[in-house]
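Protein chains: 2
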Amino acid sequence: MTTTTDALSSTGATTLVDTLTANNVRACFANPGTSEMHFVAALDHCPSLRPILCLFEGVATGAADGYGRMADWPACTLLHLGPGYANGAANLHNARRAYTPIVNIIGDHATYHRAYDAPLNSDIMSLARPNSVWCRSAESASEMAAITVEAIRASLTPPNGPVSLILPADTAWSGLRAEPPPKVTAPERARVDSQRIEAIARAVRAAAKPVLLLGHQAALDAGLRQAARLEALGVRVFVDTFIARQPRGAGHFAPARLPYRAEGVKAELAGVDVMILAGTDSPVAFFAYPGQPSSFVPEGCRDISLASRTEDAVHALADLADALEAPLRGPTQELHLPEAPSGKLTPLSVGVSIARHLPENAIVCDDSVTSRDGVTAASSTARPHEVLALTGGSIGIAIPLAIGAAVAKPASKVVCLSGDGAAMYTLQGLWTMARESLDVVTIVFANRSYKILHQEFTRTGAGSPHASAATLLNLTPPDLDWVSLSRGMGVPATRCQTAEEFENCFRRASAEPGPCLIEAVLA
Amino acid sequence: MTTTTDALSSTGATTLVDTLTANNVRACFANPGTSEMHFVAALDHCPSLRPILCLFEGVATGAADGYGRMADWPACTLLHLGPGYANGAANLHNARRAYTPIVNIIGDHATYHRAYDAPLNSDIMSLARPNSVWCRSAESASEMAAITVEAIRASLTPPNGPVSLILPADTAWSGLRAEPPPKVTAPERARVDSQRIEAIARAVRAAAKPVLLLGHQAALDAGLRQAARLEALGVRVFVDTFIARQPRGAGHFAPARLPYRAEGVKAELAGVDVMILAGTDSPVAFFAYPGQPSSFVPEGCRDISLASRTEDAVHALADLADALEAPLRGPTQELHLPEAPSGKLTPLSVGVSIARHLPENAIVCDDSVTSRDGVTAASSTARPHEVLALTGGSIGIAIPLAIGAAVAKPASKVVCLSGDGAAMYTLQGLWTMARESLDVVTIVFANRSYKILHQEFTRTGAGSPHASAATLLNLTPPDLDWVSLSRGMGVPATRCQTAEEFENCFRRASAEPGPCLIEAVLA
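Protein chains in written order, with the working numbering: chain A, 1 to 523; chain B, 1 to 523.
These are calculated hints, taken from the structure and not from any lab test.
A quick note: this is a predicted structure, and the numbers were derived from the prediction, not measured.
Hints should not be assumed to be uniformly reliable.
No distinction is drawn between identical chains; accordingly, a pair holds when it is met within one copy or between any pair of copies.
Calculated lysine to any residue pairs in the SDA-like style (CA-CA distance at most 20 Å, straight line) [as the list claims (entries may be wrong)]: (1) LYS451 / ASP44; (2) LYS266 / TYR116; (3) LYS209 / PRO259; (4) LYS209 / ALA199; (5) LYS209 / VAL274; (6) LYS209 / LYS266; (7) LYS266 / ALA118; (8) LYS266 / GLN333; (9) LYS266 / PRO290; (10) LYS266 / LYS409; (11) LYS209 / GLY251.
Could you put together the complete structure from these sequences and hints?
This is how it looks when you write it as structure tokens:
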């Protein structure tokens, strides 16, 4: 066991923090414990790594996801042993499905203390592996710089993803000689060769009804612009149902969104004989249903990968458009703001108000579940903005995502959309919004139920819910009072029950900086 | 792929529910999703399995822990795939450390759907194994009854623990012929042989300063009574620092509690030459500290296991007491209720009011962290009650534990003690208390900081916290308003700032049934 001594100018913890900051890691979403105290102390000497306290780890990991999606560079988290990591694992599942670079720092017992199996001891590797693209423990301070660089690089290796760096307490507190921190070079995406481009161009030419499905990198601005050129040729373009980050609104190409449900997909893809995939995989059903197929590729349709998630989809799309002699520019949306809504408060009317008042460069974090289709309908012609969706199906990400997006892009207004059931998972994040004065409007859609489960109950063939089942699908009684919950964490809040109320409330919220919450009680 | 047909009278889901209820599993703490709809539907046909909705999975698993500790029989949870399980894993870590029988039902994709790696797919086994004493997936409906019995039996195999039964959606919905559900016989604890008893009796007789350390089964009523006989002989008796369940108050033997900190342990155990362990292992430091040993067994002291966690500690203690010719009854506490407190509100004054008004057979669920020692000081002579502690060090268990204890023992008043930092982890449980009208008084100790980390910062040698570190140790600004938070979930709440206010408030709360919350703002 070695301890920090004055003769050695660094410790494992200061080396870790120095290596992170030398590599442009700027935010640490943290919920520390005893084993992380030396890492916390190291932050005092490195003000360029911003510490952001989250009162639950699922907030920290979801915030790192939002940050990583917007910065295209990792933030770090600081988590307390196995249970702290586990609390953050559900949103890391979403981050893995969003291919977001994140460096999780997981504190652990001192290496020599593990053998005593103290109460907080557990198998962190087993917990972390399913949602980590890389996972290692720093067993000594001397390897700290090298392992940190390896971690950052792994998170930035296409298609990117969360990594887990386990930091035993003695590695953190042990002294070592200070060295200049090493720098990471992020690996580039592999280019797609011309043979594949040519073969796909031939397949598109020969197809009766070709479609293009975009995901991940291909659904960002540069990819959308190239995809629009193919749409101009008559190739219908879709994006994945759930996209980590997508620019929308005026000036952007607006591809169709692949529906969530098999029935909708079937209707949209009827007669399609060739499906080109860029930055994504063949589409599959979100869940299995009795008697329904798992694949969403229509029978008789050929699905061909133009660019996998690790390949350069933007260049591949450009090369394909060139090979097909597509025009240099495809269609984009014109600005069109709808009329003010009135009457009942519905997802559609909320969406109209959002479309009207969404400021330019706003970021919309969307976990609104059954309200989603209505609320996003009007905003495709709103001012240009970006949307971050729930990628992994684990609800409770909107509030954390919004925190991370607001930290990464302090000049943007962030709009956080959440179902009431979903918002309950990580409501602790409202406190972090208040503490950090983040510019976030949180909208909670209060339908007082897990509404999607009412639909899924029937769709899975489970029949109709009676007493016991209904207990598990409804969020009332009692009604959650989101105004109280929000104020209890320091975020001003209002309840709206009509379209007019919401229109006024959201208009004000869009214009004023700082956090606020609107409980939208749906009719 | 098979689907439910009218010709077959059961499904995998109804078989699972029937087998659970035939084996006396009476409560299901649930947060379901699409893949669990057939299990939910099966509950409609089985009213003796009570469905209790929890708005976050950490509430469900912690509630199952509280239930299992009090019922000495498992409840089940219902969790939604890998992320749903992960959200519940931290409190299952605590349950594993409490050796609580729990049957976790984890819904999964249909077996044939897994290969498509849909967004919610993940490696559930890897996530579940660290906190499960048994983990299996039911790959077909025909094995459902057998695997359910295996699961229940595994959870009840000494020393008991949480098990994970993975339920693919097609296993749940597939039809099969109804059969009478099989019954589980819980395995018994192994008896300790007389040779070991004799050897330990000799060691105690020869010792200058012997102590006995109790844990787990040995700290329940029958074990305490036998341990008191040894105390009467001059063997000082301790209990583990954190005990899953311990009877306290008038009529019970009150062993000393092993301190949390090395300094305290050192003072208590100075000169001890023999340490007898019953139902527990050799004591170790909760965390490592630079230059401090990991083991709490004093140098030169011999630690000897009388009964391991899987053995019958109660009979072993009785046999040892007989071998040493101890009196048949040892010391017990007399009822003594302290005077009403006045002045500043402190953990000690709160503890005095609790001791005064705690009803007979109350259950105290304790995650009060730095307030713990003060708050429990006065209650060792209160009316007889039981205390459930945080066993695994993952804070955020008091609210869930209280839910489970209240469901298991509806005739008892439950008192839930939580630090403000800890309570934030699982505050969603307040809603479940309101919905189920549970008889729980929740007391949140508001010191506006992770106070223990302020202490640990120094103790780990990290120095003094400056700007960045202080950000991560303090819960203010902004102040959490627990009255608003509680009311927002339907639980009436009051804020107390003096000992007199708290005394009045807790007296009323003890006398009135139903949930309420007291924010104790510490001086």
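* Which hint numbers does the structure go against, in order from smallest to largest? -> Violated hints: 8, 10 and 11; rest satisfied.
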